[in-house]
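Asks: Sequence:
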Amino acid sequence: MRNSPSMGFFAGLVTVALWASLPLLRGLVQLPPMLTAAVAMLSAAGMAQGLERWRGPGPGQKPAPVGSGKFWLMGVGGLTGALYFYFLALGEGDPAKVTLVTYTWPVGFMIVADRLAGRGLRIETLLGALVAFSGLAPLILMASESVPTPPLAYAAGLAAGLSWIVFSLYLKANNQSHSTDYKRLFGGVAVIALCLHLLFEPTAGKSTVGDWLTASVIGVGPYGVAFMTWGFALKRCSTTVLGLMTYLVPVLSSLFVVVLGWAPLSAPLMVAVVAIFISGAITQTSLPHPFFAPERRRVVGCAPYANRARDAFPAIPMPAMPPLGLLTWSRHLIAGRSWAAARKRSRTRGGASTRHAYARPGRTSSM
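Numbering (our numbering), first residue to last: 1 to 367.
Hints listed in this document are in silico derivations from the structure and should not be mistaken for laboratory results. Take these hints with a grain of salt, some might be off.
[What the hints assert, rightly or not] Taking lysine to any residue and the SDA-like style, the derived pairs with C-alpha atoms no more than 20 Å apart in a straight line are:
#1 Lys97 x Ser68
#2 Lys172 x Phe87
#3 Lys97 x Trp54
#4 Lys172 x Leu116
#5 Lys235 x Trp54
#6 Lys70 x Gly188
#7 Lys183 x Phe87
#8 Lys183 x Gly50
#9 Lys97 x Gly81
#10 Lys235 x Val14
#11 Lys172 x Ser68
#12 Lys97 x Leu42
#13 Lys70 x Ala173
#14 Lys172 x Thr229
#15 Lys235 x Arg115
#16 Lys183 x Lys97
#17 Lys172 x Asp114
#18 Lys172 x Gly118
#19 Lys183 x Ser144
#20 Lys97 x Pro138
#21 Lys235 x Phe71
#22 Lys172 x Phe10
#23 Lys183 x Ser6
#24 Lys97 x Ile111
#25 Lys172 x Arg115
#26 Lys172 x Gly69
#27 Lys235 x Lys97
[As the list claims (entries may be wrong)] Label-pair distances were calculated between CB atoms; the ranges are:
#28 Thr208 x Gln49: 22 to 30 Å
#29 Met270 x Trp54: 37 to 45 Å
#30 Leu265 x Ala155: 15 to 23 Å
Note that CB positions come from ideal geometry on N, CA and C, so glycine has one too.
Start from the sequences, fold in the hints, and give me the full structure.
Replies: Okay, structure coming up:
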């Protein structure tokens with residue numbers, strides 16, 4: 001159960017919820033951006049250290065070598081670049097416009113991750129991402145301040161998205177990630193962010209104890225726990241689903257503001273919610289497996305589907321989330337019938353080869 005796709009899916013939901021709380025917490029901190037990032041990452045490293053002492057090293061787990069080029073370039077460098085370039089873009093142009101440019105990264109992440117996994121480019125993935133992005137655009141641009149946005153701001157927003165793709169690919173490829181790796185990762189980012197603050201930012205002016213405490217809370221939640229649950233989700237859930245799930249971050253942020261009574265419920269927010277659900281339905285229109293199957297089956301010897309058990313959309317109980325549950329239930333009926341028909345046709349052909357055509361995961365036919 002711990003390694004099931006459903007656990008990865010709910011880890012992604014936790015990540016999205018924590019990231020959605022970041023704008024609210026960031027608005028309470030009166031510190032320069034990179035200094036805030038340095039304090040937050042230092043707190044995240046301390047949290048990872050405490051988690052390591054509490055849990056202890058897992059069996060067979062070894063920390064990533066500190067001198068590894070991939071660790072510093074993709075892990076530390078990717079996360080630092082995502083933070084630095086995004087804050088640079090916010091300072092140079094209209095926050096709404098540069099945020100919208102940054103949110104092109106989920107599309108690139110889904111395409112690159114699927115290509116590296118040996119899966120081809122699916123039109124449904126691109127169409128679903130386009131629907132989600134189009135529905136999100138009015139919500140983000142609604143807060144536009146009409147500030148002149150030079151090309152540097154757009155380039156910095158795009159660089160932040162590319163950096164986040166690199167960091168996510170590192171987490172997905174590093175199957176042995178645990179608290180020791182995150183402790184070093186967060187610590188490395190904290191040092192670099194502090195250096196960037198000393199080089200390019202003014203010193204902190206009037207700051208209070210509350211500012212430093214809030215920055216530490218950001219490190220424990222939206223930075224620390226969220227980055228760890230994001231790495232967990234990347235290894236156990238579909239990259240397509242996680243990519244679309246990231247579009248929920250600004251939606252949930254807006255919903256938090258509405259729930260707190262700081263803003264009324266708006267039409268762009270409802271449009272964004274509907275668009276994201278539609279995009280999820282579009283991207284899942286050609287999955288070869290029924291969602292509610294208790295044990296996913298695969299065709300032995302069929303390389304493109306060898307790892308689809310872990311990359312398929314997880315089963316979602318209807319009572320837990322009715323909208324997605326309803327879509328899952330209807331897709332299960334269609335996919336289940338198609339699956340049963342295909343299996344029936346394979347059995348009618350006879351022969352020894354069909355006895356092993358559908359094997360349980362983890363079993364292979366004898367040669």
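Asks: Given the hint that lysine 97 pairs with leucine 42, test it: the Cα-Cα distance must not exceed 20 Å.
Replies: Distance ~30 Å between lysine 97 and leucine 42 Cα, so the pair is violated.
Asks: Quick one, are lysine 70 and alanine 173 close enough, alpha carbons at most 20 Å?
Replies: Holds: lysine 70 and alanine 173 sit about 10 Å apart, inside 20 Å.
Asks: Run the distance test for lysine 183 versus lysine 97: straight-line Cα separation, threshold 20 Å.
Replies: 34 Å, violated
Asks: Taking only the CA atoms, is the gap from lysine 235 to arginine 115 under or equal to 20 Å?
Replies: 16 Å, holds
Asks: Against the 20 Å threshold, does the CA-CA distance of lysine 183 and phenylalanine 87 hold or violate the hint?
Replies: Violated. Lysine 183 to phenylalanine 87 sits at ~23 Å, over the 20 Å cutoff.
Asks: Is lysine 172 within 20 Å of phenylalanine 10, Cα to Cα?
Replies: At roughly 17 Å apart (the allowed maximum being 20 Å), phenylalanine 10 and lysine 172 satisfy the hint.
Asks: Hey, lysine 172 versus serine 68, does the alpha-carbon distance stay inside 20 Å?
Replies: It holds: about 16 Å lies between the C-alpha atoms, which stays within 20 Å.
Asks: When you check the alpha-carbon spacing of lysine 235 and lysine 97, does it fall within 20 Å?
Replies: 31 Å, violated
Asks: Does serine 144 sit within 20 Å of lysine 183, going by the straight-line distance between their CA atoms?
Replies: 37 Å, violated
Asks: Lying within 37 to 45 Å: is that true of the beta-carbon distance methionine 270 to tryptophan 54?
Replies: Cβ of methionine 270 to Cβ of tryptophan 54: about 43 Å, so the range 37 to 45 Å holds.
Asks: For a C-alpha distance cap of 20 Å, please report whether lysine 97 and tryptophan 54 respect it.
Replies: 43 Å, violated
Asks: Please verify whether lysine 70 and glycine 188 have alpha carbons no more than 20 Å apart.
Replies: 13 Å, holds
Checked against the numbered hints above, the structure breaks hints 1, 2, 3, 5, 7, 12, 16, 19, 23, 24, 27, 30 and satisfies the rest.
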